[in-house]
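Enquirer: Each chain, letter by letter, is given below.
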Amino acid sequence: MPHIPLESHLPGITGLLEYSKATAQPIRDLTQFLLRGPSSLTEAERELIATVVSHGNECTFCTTAHTAAADLLAGEAITAQKVKENIETAPVSEKMKALLHIAALTRQSGKSVSEEAIARAKSAGATDVEIHDTVLIAALFCLYNRYVDGMGTALPADPAYYGVLAERLVNHGYTRLPQGYEHLKK
Amino acid sequence: MAHIALGNELPGIRGLMEYRPETAAPLNALAEILLRDDNNSLSRGERELIGTYVSYLNDCFFCQNVHGALAGHYLGCDINQIDAIKADFMGAGELSDKMKALLTIAGSVQQGGKAVTSSQISDARSFGATDTEIHDTVLIAASFCMFNRYVDGLGTLAPSDRQFYVNRAPQRAEDGYLILR
Numbered sequence: 001m002p003h004i005p006l007e008s009h010l011p012g013i014t015g016l017l018e019y020s021k022a023t024a025q026p027i028r029d030l031t032q033f034l035l036r037g038p039s040s041l042t043e044a045e046r047e048l049i050a051t052v053v054s055h056g057n058e059c060t061f062c063t064t065a066h067t068a069a070a071d072l073l074a075g076e077a078i079t080a081q082k083v084k085e086n087i088e089t090a091p092v093s094e095k096m097k098a099l100l101h102i103a104a105l106t107r108q109s110g111k112s113v114s115e116e117a118i119a120r121a122k123s124a125g126a127t128d129v130e131i132h133d134t135v136l137i138a139a140l141f142c143l144y145n146r147y148v149d150g151m152g153t154a155l156p157a158d159p160a161y162y163g164v165l166a167e168r169l170v171n172h173g174y175t176r177l178p179q180g181y182e183h184l185k186k
Numbered sequence: 001m002a003h004i005a006l007g008n009e010l011p012g013i014r015g016l017m018e019y020r021p022e023t024a025a026p027l028n029a030l031a032e033i034l035l036r037d038d039n040n041s042l043s044r045g046e047r048e049l050i051g052t053y054v055s056y057l058n059d060c061f062f063c064q065n066v067h068g069a070l071a072g073h074y075l076g077c078d079i080n081q082i083d084a085i086k087a088d089f090m091g092a093g094e095l096s097d098k099m100k101a102l103l104t105i106a107g108s109v110q111q112g113g114k115a116v117t118s119s120q121i122s123d124a125r126s127f128g129a130t131d132t133e134i135h136d137t138v139l140i141a142a143s144f145c146m147f148n149r150y151v152d153g154l155g156t157l158a159p160s161d162r163q164f165y166v167n168r169a170p171q172r173a174e175d176g177y178l179i180l181r
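These protein sequence lines are chains A and B, in that order. The first sequence begins at 1 in UniProt numbering and counts up by one. The second sequence begins at 1 in UniProt numbering and counts up by one.
No lab work stands behind these hints, which were simulated from the structure alone. It is possible that part of the hints are untrue.
[To be verified] With a straight-line Cα cutoff of 30 Å, these simulated DSSO-like cross-link-like pairs (lysine-lysine) come out:
id : chain 1 : residue 1 : chain 2 : residue 2
1  : A       : 122       : A       : 82
2  : A       : 122       : B       : 98
3  : B       : 114       : B       : 98
4  : A       : 97        : A       : 122
5  : A       : 82        : B       : 114
6  : B       : 114       : A       : 21
7  : B       : 114       : A       : 186
8  : B       : 98        : B       : 86
9  : B       : 100       : A       : 21
10 : A       : 97        : B       : 98
11 : A       : 95        : A       : 84
Being a predicted model, the structure only gives us computed values, none of them experimental.
Using the sequences and the hints given, assemble the complete structure.
Expert: So this is what it looks like as structure tokens:
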């Protein structure tokens, strides 16, 4: 049960973002730019960064939601699963392995990101902006995961919720729905 | 030296924000509403103290000094008092029981969201903390887990002279997070 009263039809992050719309706005804006804005990383690649960090933080809601979004964007469900199991043996490029490794280190702590990890990413072709955005996406999901679990938010009663959520994240993005979320009430 | 070529000499998060203004805008907007908005029953000093404590736990030198100096500015404490609170807030006579309970929650958030317990929440409530104060405490703590990782994960430089941060705090308190100069 959530630690504060939240809308029961909005599990995970959405109930929090609706509870506090003023703080939600910059969080949504930041996420929309980082995960959906112009980038030399694909949307699917950026969702993999979110997935790896959420998985490392053991945040069930965020891991499941961003796995579903990554799967939908990639058109397959293998890559996200493999990346969660082992970055080094996952079917992604050397550059993505290096960036996902930086994300995993950022999750542990900022100080864990080593010169070697950065050098590896650069030699695999990662640009400075890609490294910047990888660190900030990883840091942002350290915020989200703690927000979602620290407030004790509920998981969806029906796992199909994640499919609907992933479609929203892919087709609409991270900004608030203009019509709100009342239509999700059963 | 920072891990990437920032093209500027600004310290800590300021150099990152100059480098990537697209992400700086929402990051600053988040700091402004969480830490400075007047529509909040926690004082600016109390909210800066939560940010300071989490930054201390994350061992982020830049953030704990920027926000420690701001907390000291608002609360009328010097740097030694702020250091003493960071090291042992339960023993800090100047803090209310409610603030101690909220700092306990913030400390759990730093470890991980699941570390926050129902008894920590009910303790905070028993000392008068509202739902909004609990929410904001968790979100401030979570936000600093982002800010600290951003600053240290990209290897930014931080001035080692702690007086640098103390000297800048009054101007930052006046300008807030949306006016950067």
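Enquirer: Does each hint fit the structure? Answer for all of them.
Expert: How the hints compare with the structure:
Annotation: proposed proximity of residue 122 of chain A to residue 82 of chain A holds, straight-line Cα distance about 23 Å (limit 30 Å). For the given pair, residue 122 of chain A sits about 48 Å from residue 98 of chain B by alpha-carbon distance, which is inconsistent with the 30 Å threshold. Note on residue 114 of chain B and residue 98 of chain B: the hinted pairing holds, with a Cα-Cα distance of about 21 Å set against a maximum of 30 Å. At roughly 12 Å between alpha-carbon atoms, residue 97 of chain A and residue 122 of chain A fall within 30 Å of each other, so this suggested pair holds.
Note on residue 82 of chain A and residue 114 of chain B: the hinted pairing holds, with a Cα-Cα distance of about 25 Å set against a maximum of 30 Å. Note on residue 114 of chain B and residue 21 of chain A: the hinted pairing holds, with a Cα-Cα distance of about 23 Å set against a maximum of 30 Å. Under the criterion of a C-alpha separation no larger than 30 Å, the hint pairing residue 114 of chain B with residue 186 of chain A is consistent with the structure, at around 29 Å. With a C-alpha separation of about 16 Å, the suggested pair residue 98 of chain B and residue 86 of chain B falls inside the 30 Å cut-off, and the hint holds.
Using a Cα cut-off of 30 Å, the hinted pair residue 100 of chain B and residue 21 of chain A holds, with the two alpha carbons roughly 27 Å apart. Taking the CA atoms of residue 97 of chain A and residue 98 of chain B, the gap is near 45 Å; set against the 30 Å cutoff, the hint is violated. Pair hint residue 95 of chain A plus residue 84 of chain A holds up; C-alpha atoms about 17 Å apart against a cutoff of 30 Å.
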